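If you read the protein sequences in the order shown, they are chains A and B. So that you can map any letter, position 57 of the first sequence is 58 in the numbering used here, and since no number is skipped, the others follow by simple counting. So that you can map any letter, position 39 of the second sequence is 95 in the numbering used here, and since no number is skipped, the others follow by simple counting.
Because the hints were derived from the structure by calculation, they are not lab data. Some hints could be false.
[Said to hold, decoys possible] Using 20 Å as the maximum straight-line C-alpha spacing, the simulated DMTMM-like pairs for lysine to aspartate or glutamate come out as follows:
| hint | chain 1 | residue 1 | chain 2 | residue 2 |
| --- | --- | --- | --- | --- |
| 1 | B | K280 | B | E262 |
| 2 | A | K123 | B | E269 |
| 3 | B | K272 | A | E130 |
| 4 | B | K256 | A | E130 |
| 5 | A | K216 | B | E143 |
| 6 | B | K296 | A | E202 |
In this text, all values refer to a predicted model and were calculated from it rather than measured experimentally.
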Amino acid sequence: MAVQGIWSGTISFSLVAIPVRLVKAIEPGRISFRLLHSKDYSPLARRMFCPEEETMVPRDEIIRGYEIVPNQYVLMTDEELESVSPERSRTIEIVDFIDMKEVDPVYYDHPYYLVPSKGGEKAYRLLVEVMRRTNKAGLAKFVLAEREYLVAVTSRDGALALTTLHYSEEILADEDLSPKKGKTAAEEQNRMKKSIERMIENFDPGKYADKRRKKLTDLLATKAKEKAPVEAPVVEQEEGAGPADLVAALEESMRKVKPR
Amino acid sequence: MAGATIWKGSIHFGDTDVPVKLHTAVKEERIQFHFLHRRDQVRLRQQMICAYEKEPVPAEQQSKGFEVEDGKYVIVDPAELDQTAPESSRMIEVHEFVKTGQIDPIFLDRLYYLEPDMQDNQGKEYSALVKALKELDVAGICTWNMRKRSYFGALQAREKMLRLNTLRYADQVIAVGSLDLQDVPLSEKELKIGSELIEKMAAPFEPGKFGNEHQKKLQEMIEKKARGEKIAILVPRRLKPTESDQLLQVLEASLKKAA
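Extracted from the complex, chain B is given alone in its bound form (with noise of 0.2 Å):
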């Protein structure tokens, strides 16, 4: 079962409009650990303190500052951070379409199921969007507010579905570039074998494969430490990293192994 409708618009270029429905797509389950104070085990809470006085802020003291340069602000109140929000509209604007292998993961951030609202003759719309967009192999990018917030994202078609992917900006992705990697001259030969083992390795995506067995692990280690058993401290363990003169024999050996 897909998740409740969170948001209605209208997907729309040129003469277009597909009206549609929002649903999110996942559902985590996790175990929840709280943070205690070890001696008491008093549940602790967050608690915003002031760096110079080191004391609590109650919400009443707290302000927002925008750090013009280090260490100086410009506070800007509530009242003036609501009229930058974007008007509310139930249009998800479509501006443009590119191939769907230009979208570079790391842009993707949340997807929604898009469900065709009734609106729309019996979907009709809504199909031949999906049709369309399959055939030209391409996905809208768009922008829409939702909740106070503006968006930017990518609409999809999968099977016989619409989805729309939200975008992060282009300012929220670190480039590679600020990590500071050093160039290391590799052998052809290297590289040759390298790939031969990346090959040998391939397999299809079957997430269906990858449970999440440590969930049921830490659940019977809790229900074993409620019980006042003892646990058994585990070593992690740690490979020894491959020294860079031993790289090509090493990655023979893999070879070898895999073959």
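In isolation and in its complexed conformation, chain A is listed as follows (with noise of 0.2 Å):
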């Protein structure tokens, strides 16, 4: 089963172009809850709710709209979204090619992967190896809904993975939080680097648990022995429901514009 995209387009350096979707890198971890309806069980879904008419709105009747005054709204169809830059909104081009290293931490934003569409895969095999072989990433500018994104694409574990950036001027300065010019004690240091070199090992995030989640799952553990678990009521799918949620809306307009 095919990953569900967030976007898709295309991913270009000079003249090469691969057709790709975007799909999430992260996942909300092992220990996450639903929201249930006490009385039957059953999980709760995030729908747009008109609170006037009091209804769920099927989100081909959902538009977005910018508040200018209070209450009045200028309104913004995904066509017109995409009109602000046609040039970025269905491709990611890249401009430049980098190398990580220069890029601060602070810049990063959030991770994602891209994975090759239908006839992309050599192609997008060829972007990946050649990404690892130079150890230089792509740099590129691409338009989502209603965010253009500066991203990096760079190569990890035979994939693409794709973060996007801050723009710099969302950046805050640091320079009033330093240090003042106080002289640091060599011998100071040189006791800190010793106890230092002591604790050097490898970088290793799976032995870092969320220690919550160890009670946690001491308490399910528990919870279910107590008690049998509760049984939702059987769904079935429903076609052309609303947005699960925001996010999820945004997605779903996008989508709505496939590619040919």
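Both chains are given apart, each in its own frame, so use the hints to dock them into the complex.
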């Protein structure tokens, strides 16, 4: 089963164009809860709701609005949004190849993966492999819904990872926080270095399970023993239901404009 | 100007204690849209609905469940959940140090600037730690509890400052293996020309070069619409995918173009 895409389009460098889909790289983790209806234990879904008509609103009746004065909106259709930067709404064009070591981690925002769409497998594999060999990352800009993102595309374990980056104007200055000019005692520094050197290990994130998760797992195990788990009623999958949440709504509206 | 202090703690390892204040490092400003009902422009809100009854469910009728198997849940009440919250503490405990290059960037989450807390004698310990981390090219892997949550992070030095980068837990990062990527054979020639092309397109990272022009264009479009002007609908540019059997020729043409 193919992974569900958030966006689809092409990634390009020079004259090479690769059809791809953007998919998530991060998930909530092992212990995450669902909201249930206390009455029938059915899972709850997030829907867009019209407070005046008191009804759920299907996605084809939803439009984005920008509030210019209180309660007065400028409406924007998906097509209009895509017209803001038409050259970037379906294309991730790599303009430079950079060394990721030069990127201050303060720029990192959120990681995703790119996966090849049909016909793009070979060129995708090539980009993964040459970026690995040259140890370079592609820098590009692209537009998703109402935002334009600066992104770094890197080679990770045989896949293309895409990390959104902050714009430099979003990075706060840190000069006013730095220590006042004070001399550091060489002795102090050497003592610290020795202490650090004794503690050098390899990076292994797997061993840092969330402490709270352990307590939660214990709690869940105890509860499951005390009382049988409740069962949710079976719900048949409805077609054309409203978007699950705001992000999903954005993704949905982007997906409506499918590539040829 | 840096953001306000959001939390205070003390970095601890061995017999070292460095009191610090956390500051946010990023401030995002975005054009905010609302979702409206198309026909009457009523602003919509999110509502939790029961998937079975298809009815809105008020907060007092919502409970939290953990799915033990398909469709089966263990219900946990809020008081029980509170008991699992970590004890509050002011200690940022460093468990080990790793070479900075070993940290896979996909784990990096939110970054905070650390300011020396005045309790520290003019920031002497702070500066000594900055220098020690830089000379050894290491980051401290640490854990701390902040606002009822346990965090896992990397303590790093940059220029004269310490920073704390929260890390994602290993079970939150989706492995590449689950993407089901195909292995496609490539010729050595394709790889060689591809690598040359990348080297030709290499440039230093200059983030200042990339402004958010889109935001300004979007703002202009909103203003135009507000004045009642018509918006030209432009079709998104779509590139024709490079055919697999033409990859080599396209790479060669690209290299010629870049030269």
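Outcome of the hint check:
1. B/K280 <-> B/E262: 33 Å, violated
2. A/K123 <-> B/E269: Violated, at roughly 34 Å.
3. B/K272 <-> A/E130: Status violated; Cα separation ~37 Å.
4. B/K256 <-> A/E130: Judged against 20 Å, a Cα distance of about 16 Å means the pair holds.
5. A/K216 <-> B/E143: 12 Å, holds
6. B/K296 <-> A/E202: Between B/K296 and A/E202 the Cα gap is close to 48 Å, so the pair fails against 20 Å, i.e. violated.
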